[in-house]
Amino acid sequence: MGLVLVSHSEQLVAGLGAIVAQFGGSEVPVALAGGTEDGRIGTTAPRIESAIRSVLADGAEGAVVLLDFGSALLSLEVALEMLEPEDRARVRVSDAPLVEGAFLAGVQASTGASLDDVAEAARGWQSLPKVPEA
Amino acid sequence: MAELHLIVIDPAGLHARPAAKVVKVASRFDSRIILRSGDRTVDVKSLIAVLGLTIRPMSEITLTADGPDADEALAALVDELGAAVSPSSDGPAVALATDGAAVQP
Numbered sequence: 000m001g002l003v004l005v006s007h008s009e010q011l012v013a014g015l016g017a018i019v020a021q022f023g024g025s026e027v028p029v030a031l032a033g034g035t036e037d038g039r040i041g042t043t044a045p046r047i048e049s050a051i052r053s054v055l056a057d058g059a060e061g062a063v064v065l066l067d068f069g070s071a072l073l074s075l076e077v078a079l080e081m082l083e084p085e086d087r088a089r090v091r092v093s094d095a096p097l098v099e100g101a102f103l104a105g106v107q108a109s110t111g112a113s114l115d116d117v118a119e120a121a122r123g124w125q126s127l128p129k130v131p132e133a
Numbered sequence: 000m001a002e003l004h005l006i007v008i009d010p011a012g013l014h015a016r017p018a019a020k021v022v023k024v025a026s027r028f029d030s031r032i033i034l035r036s037g038d039r040t041v042d043v044k045s046l047i048a049v050l051g052l053t054i055r056p057m058s059e060i061t062l063t064a065d066g067p068d069a070d071e072a073l074a075a076l077v078d079e080l081g082a083a084v085s086p087s088s089d090g091p092a093v094a095l096a097t098d099g100a101a102v103q104p
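Protein sequence lines correspond, in order, to chains A and B.
Take 0 as the starting number for the first sequence in numbering that gives the first Met the number 0 and just add one per residue.
Take 0 as the starting number for the second sequence in numbering that gives the first Met the number 0 and just add one per residue.
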């Protein structure tokens, strides 16, 4: 079980990858797809496709993709189209917020949980208020 | 069934880092492990559930394990939590296992 972190910023996913490695442990495969090929802010389908492929090729049962906003989803959809159907079937796209979802999914993946359980864990954040007293 | 009463003494409460550790350790065991804080109980193997308790410093928590490796599970959890917790004065400092043997915290 691995994670693919998609963001408009390369630095953002680099930092988030470090958080996941610390909380989830380095045994969870994490691939990053942040920014564009020429270092600008944005997302591109080939970078996302290659990140997904690297997790799947790592022997993982599957990959949970977490993404930020806007065109990240469009790029991701194109990337998924480029995958073979059997690979695409091993990918779950998470609706969770990127940072919190990656943290939850990383810890869950480190327990040896299944692809669907990890995807479900990431989604859990939507029911958790950040400021409970508010 | 094994039970342990603890006070969370970490000044940040049971925040993300210890919560993640607890979930990872708990997941290694077959026993069902329940964490009680106030009147709420959660499955310790769910990170989102543990975080949802927002356990504050000096909260009293109770860990209950039920299953073939209940004693080992609680011992491993206390070991992992380390200095973040201390035995509670309100409950037994160490829990009694079903066979009457004390669980080493």
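Treat the hints with care, since some could be wrong.
[Said to hold, decoys possible] Partial list, computed: chain B residues near chain A (C-beta under 10 Å):
1) Ile6
2) Ile8
3) Pro10
4) Ala11
5) Ala15
6) Lys20
7) Val22
8) Arg31
9) Arg35
10) Ser45
[As the list claims (entries may be wrong)] Taking lysine to aspartate or glutamate and the EDC-like style, the derived pairs with C-alpha atoms no more than 16 Å apart in a straight line are:
11) B:Lys20 to B:Glu79
12) B:Lys23 to A:Asp67
13) B:Lys23 to B:Asp78
14) B:Lys23 to B:Asp42
15) B:Lys20 to B:Asp42
16) B:Lys23 to A:Glu76
17) B:Lys20 to A:Glu26
18) B:Lys20 to B:Asp9
19) B:Lys23 to B:Glu59
[As the list claims (entries may be wrong)] Which stretches of chain A does chain B cover? Using the computed rule of at least three CB atoms under 8 Å from a CB of chain B, they are:
20) 36-50
21) 59-67
Hints listed in this document are in silico derivations from the structure and should not be mistaken for laboratory results.
By construction, the Cβ of each residue, glycine as well, lies at the ideal position given by its N, Cα and C atoms.
Each hint, compared with the structure:
1. Because the beta carbon of B:Ile6 sits about 20 Å from the nearest beta carbon in chain A, more than 10 Å, this interface hint is broken.
2. The restraint placing B:Ile8 at the interface with chain A is violated, with a minimum CB-CB distance near 21 Å, outside the 10 Å limit.
3. With a cut of 10 Å, the hint placing B:Pro10 at the interface with chain A is violated, because the nearest CB-to-CB distance is about 18 Å.
4. Among the interface hints, the one on B:Ala11 is violated; its C-beta lies about 15 Å from the nearest C-beta in chain A, farther than the 10 Å criterion.
5. Interface hint status for B:Ala15: upheld, as the beta-carbon distance to the closest one in chain A is roughly 7 Å, under 10 Å.
6. The interface hint given for B:Lys20 holds, since its Cβ lies 9 Å from the closest Cβ of chain A, which is under the 10 Å cut-off.
7. Checking B:Val22 against chain A by beta carbon gives a least distance of about 6 Å; that is within 10 Å, so the hint holds.
8. At a threshold of 10 Å, the smallest CB-CB gap from B:Arg31 to chain A is about 15 Å, leaving the interface hint violated.
9. Because the smallest distance between the Cβ of B:Arg35 and any Cβ of chain A comes to about 18 Å, over 10 Å, the interface hint for this residue is violated.
10. Interface restraint check: B:Ser45 against chain A, minimum CB-CB distance 8 Å, threshold 10 Å, status holds.
11. With a C-alpha separation of about 7 Å, the suggested pairing of B:Lys20 with B:Glu79 holds against the 16 Å cut-off.
12. Restraint check for B:Lys23 and A:Asp67: not satisfied, since their Cα atoms lie roughly 27 Å apart, outside the 16 Å limit.
13. For the proposed pair B:Lys23 and B:Asp78, the alpha carbon gap of about 13 Å is at most 16 Å, so the pair holds.
14. Using a Cα cut-off of 16 Å, the hinted pair B:Lys23 and B:Asp42 holds, with the two alpha carbons roughly 12 Å apart.
15. A C-alpha spacing of about 14 Å is found between B:Lys20 and B:Asp42, which places the hinted pair at or below 16 Å, so the restraint holds.
16. With a C-alpha separation of about 33 Å, the suggested pairing of B:Lys23 with A:Glu76 is violated against the 16 Å cut-off.
17. With a C-alpha separation of about 15 Å, the suggested pair B:Lys20 and A:Glu26 falls inside the 16 Å cut-off, and the hint holds.
18. A threshold of 16 Å between alpha carbons decides the hint, and for B:Lys20 with B:Asp9 the separation of about 14 Å falls inside it, so the pair holds.
19. Distance hint between B:Lys23 and B:Glu59 is unfulfilled; the C-alpha atoms sit about 21 Å from each other, more than 16 Å.
20. Closer than 8 Å: that is the beta-carbon criterion, and the stretch 36-50 of chain A has 0 residues meeting it against chain B, so the requirement of 3 is violated.
21. Given a C-beta distance limit of less than 8 Å, the hint that chain B covers the stretch 59-67 of chain A is violated, as 0 residues qualify and 3 are needed.
Hints 1, 2, 3, 4, 8, 9, 12, 16, 19, 20, 21, counting from the list given before, are not met by this structure.
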